[in-house]
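J.: So the chains spell out like this:
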Amino acid sequence: MNTMNNKKFMIIDGLPVAIEGEKNILDVIRKAGIDLPTLCYYSALSTYGACRMCVVEGKNGDIMASCSTPPRSGMEIKTNTPRLQKYRKMILELMLSDHCRECTTCEKNFDCKLQELAQRFGLKDVRFDQYSIDDTRDDSSPAIMRNPNKCIICGDCVRMCSEIQNVGAIDFAYRGSKMEVTTAFNMPISETNCVNCGQCAAICPTGAITIKNDLQPLWNDLHDNDTIVVAQIAPAVRVALGDEFGIPRGTNVMGKIVSALRRMGFDEVYDTATGADLTVIEEANELIGRLEKGENLPLFTSCCPAWFRYAEINHPELMDNVSSCKSPMEMFGSVLKERAKLNEKGKKPKKTKVVAIMPCTAKKYEIHREEFQYDGEPTIAHSITTIELANMIREAGLRFEDILPEAVDMPFGIASGAGVIFGVTGGVTEAVIRYVMGDEARDHLADISFTGVRGFEGLKEVKVPYKDRELSIAIVSGLKNAEKLIQAIQAGEVQYDFVEVMACEGGCIAGAGQPFVIGRAKPERSEGMYQADRMSNVKLSAENPVTDGLYANLLAGDKAHHLLHYK
Amino acid sequence: MVIENREALKKSREAFLAQIDHQTKKIYVCGGTGCVAGGSMEIYAKLKELIEAKGLTCQVELEKEEEGNHIGLKRSGCHGFCEMGPLLRIEPAKLLYLKVSLDDCEEIVEKSIVGDEVIERLIYSRDGITYPVQEEIPFYKNQKRIVLEDCGQIDAESIEEYIAYGGYSSLEKCLFDMTQDDIIKTIYDSNLRGRGGGGFPAGRKWTQVKAQKDPIKYVVCNGDEGDPGAFMDRSIMEGDPHKMLEGMMIAGYSSGAKEGYIYVRAEYPLAVQRLEKAIADCKRYGILGKNILGTDFEFDVHIVKGAGAFVCGEGSALTTSIEGDRGMPRVKPPRTVEHGLYGKPTLLNNVETFANVPIILQKGADWYKTIGPVKSPGTKAFALTGNIVNTGLIEVPMGTTLRHIIFDVGGGVRGGKKFKAVQIGGPSGACLTEEHLDLPLDFDSLKKAGAMIGSGGLVVMDEDTCMVEVARFFMNFTQNESCGKCVPCREGTRRMLEILERIVAGKGELSDLDMLEELADTITSTALCGLGKTAANPVVSTLKYFRDEYVEHIVDKHCRTKNCQALKKIYIEKYHCKGCSLCARVCPVDAISGKLKEPFEIDQSKCIKCGACMSSCKFKAIKED
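Chains A and B supply the protein sequences, listed in that same order.
Here the working numbering is used: the first residue of the first sequence is 1, the next is one more, and so on.
Here the working numbering is used: the first residue of the second sequence is 1001, the next is one more, and so on.
Don't take every hint at face value.
Just so you have them, the derived chain A footprint on chain B, three or more residues with Cβ under 8 Å [to be verified]: (1) 1327-1335; (2) 1475-1483; (3) 1487-1496; (4) 1510-1519.
Not everything, but these chain A residues come out facing chain B in the computed CB check (under 8 Å) [to be verified]: (5) P70; (6) S73; (7) Y87; (8) M90; (9) I153; (10) S177.
Source of the hints: derived by calculation from the structure; they are not laboratory data.
None of the values given here were measured: they were computed from a predicted structure.
All residues carry an ideal CB built from backbone N, CA and C; glycine is no exception.
Construct all of the structure, not just a fragment, from the sequences and the given hints.
T.: Printed below as a string of structure tokens:
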């Protein structure tokens, strides 16, 4: 058996399965088509081995956790024996007995892994008394909510926060059954070094950490006849929302979103990619300016608010290097507010509120920052996530799959392909390269896309010719990767002119506001983004007639800097 | 000062020994934690004062050469006979004085130090026989002290005395006469097994660490002794710190490690203090540091104080704790030998294991295998506690029966009560009964009986011990000490404890026993680490051997040992009650009522079993059941 094609095999439930470099038998079992239950295993994170749901039985009746057992050739295991069934049920029962089971009113109802497993294992009765539910919820953060009563201490959030994001805002405290996931000194999460990336909420299998729900105030505005509600939709939303409605992964549903928003009462609907075009122009000019002066290099991007917060807290020394540009959302928001203000003149005043539909939880935090106010109020009134949008559509009773697509509104109804690809790691860079190459870029689009800007590596390095020199660019996603890069830059090991940082691994397509993504859907969503770029008749931000018009009128003079930069 | 080579070590040894030879009397005041708490250090000071007042030279440090004859006064490690402390040993007569107080000092100096008399009232006597010589006392006579040999017979704070009596000669032998492979082969051949509980062959572990390619390796000593009632490792660290250090150095030399860490509980301040002194002394003499004894070997030892989490005795939790993180066991592989402290190959053994090493290298693997069973040779230190006559620290050959330990060494059950059970191996161990008394204590035999040696705690229980309460006690311990990482241990032990609490409170149901067994099975099979996998052992073993007691608690609401407060029933014997009403007046919860001059009654639903009525009744009419 073991010598078959010199391949290594193990026997799973009586059938031989090849071992092809898997680091644990769980991966081999899943490859064999068996969906072994886990609550704490993600290949992107370190193996924690706490939930014990993935136990399997060896030939001699030995029980082992498959997530942490390396495969050996000739190994024989069973995945579904009476003992295993009994243990799994007992473990689930134990978890449920210490878990707030008010499923119907839970944010994660129908999207909860614990609920799903309880269903799957036919658990109908919890034989233990329910532990008392205490009121220690933490809703201090604009981005996430913490409810320890629903925590099963799988530690996914803790590892996500420290291993991928290098933040470590939450960790374990106390021992035994008193163990908790909490912040240092039990401080409200908003007072910690949390950067609001929301990845903890994204990975949480239950409702212990959820994304803050901001829908009710938005509905109120939509129902108010004296408020003009203007929506802008971020690039990454269009390739992810479909996941929630059974539409094939990565499908661009922008047109449907526009149509759905109008039917729910939005007065105007735009594409944040138009704002991204402004960002490209402003940021590229900033880069060119710094290159000429040779100061504050590398230029770090500023469009990701979680990264911005991370830099503020951990690397104040870098803040002069971080671009002074607002994010596309804020740039576009300022433009929309300015235009509304200009239009108001002579009419019965109506209030205009800008709503941002984002793949992101940190945007909920960003809109409350002082720098991003317009006339003393947040420029963006509401920032909701892709998942919240899906919930709105459901609540409104719209059959999303049947909605016919529509186009966004004029006068800002055009965005370049460069603006659209902001939604994926490397997109900002690719757009900026197109801008700095100017006219040449149009003929070298494919070449640019092959410089190494695309793909999901945590760190990508790109070199492009610029005038008589070469621009050295780094692209990182995931804050741990960013930290490693910063360390290398500060140690003088590497040198760059431009650094794009996105806090979420893979960029905005994998934002915490998107339908859950870790380990899946990234390629499809990114392909959706690049397809939108291919289909766009404007490839360069500078060639977008909308931006031309804006710079000629609304942004003329020093208004461009005033409205589009935060300092 | 630095001992620069082999020759210098030999000379130092001779010089120190010569000093000792000038000590006409040697007094060893027990400096173990128990005796220190009993005032032994005050006794030490008083003796010094009295001896000097007599015009005699009192030598406390060997390094300072004293002319002529003098009295050696030493703080030794734990003698083991803690029950009888504070203890005092006087050589050369080998006298052991028990329960010494400050008031005895003058007489001791007068009669036994200046003179050669024996103070009868301070020596051990049993069944009319007195035992002036320590080694003749049955408690000691029935032991075989190898690891603890010097505990109590050597100044625990004197490296000079350790060297004088042959200390660091094993290290010397290793450095000059043996190759790394020779050393490991000796340990391998000796069949020495880890004394921390698991009994993993030390030689195999050492071989694996040596085989690792990484140039940086560590030796870690596990001194996080957490079992309730266990103090073997503490006594070694306090009483003979150099022996353990020598073992660590040999481990470092043979495996290629240059640094060692001792992880010791912060609750052992005396052990920490003695270890710190021992390490400082070693550095002073060049026994730790670079170019040890003039060779290329370098080794340094650090002490890390643990904050007291039981789970930090688990290897991976321990190394994580040293690194400064929360001590939680991690999944294995990789094992500690390949990925231990700071991700480097790590040789991790416990205190007693390391203390065995110099002896094995001195006397050889074959000699070692003559003690105890060949596959599990050597001796084992046990902390003898509970309802036993001689509580204390003992050392016996592996394979000794429980009967020998409890009745011959331990002197039997206290108060002439009947033996009921012995909890061996701490909270991870099991309760063994009368039928196991002739079971040889070694790793393999105990495993077969569903128990484990653990680190060596032995709690003896008499007939008045409630076994359900014992199970509850240990479950409470485990539940508190669970790190909380894996679900079965975190939630399962809590539920087991809940059920046991219910049963001792008289609220149990028979189905609870099935649930206990189901939980125990799940936890044992699926928990992440050794602590979790063994957490249910006390419950499983008591359920197996004392199921009828559980059933009594549940069905009859009765605890035969009257330990379970909630199950006590206090009632008034109506024929004896004169109706004086005194009981009703003292009852704090108004549970007693009746008419004067007629028998009173206790309302069981109100009674809190405080017993106030019983002690107040002049007619002994109130009884307890």
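J.: The structure should be examined with respect to each hint, and the outcome stated for every one.
T.: Hint by hint, here is what the structure shows:
no.: 1; hint: 1327-1335; verdict: holds (count 5)
no.: 2; hint: 1475-1483; verdict: holds (count 5)
no.: 3; hint: 1487-1496; verdict: holds (count 8)
no.: 4; hint: 1510-1519; verdict: holds (count 3)
no.: 5; hint: P70; verdict: holds (6 Å)
no.: 6; hint: S73; verdict: violated (16 Å)
no.: 7; hint: Y87; verdict: holds (5 Å)
no.: 8; hint: M90; verdict: holds (4 Å)
no.: 9; hint: I153; verdict: holds (7 Å)
no.: 10; hint: S177; verdict: holds (4 Å)
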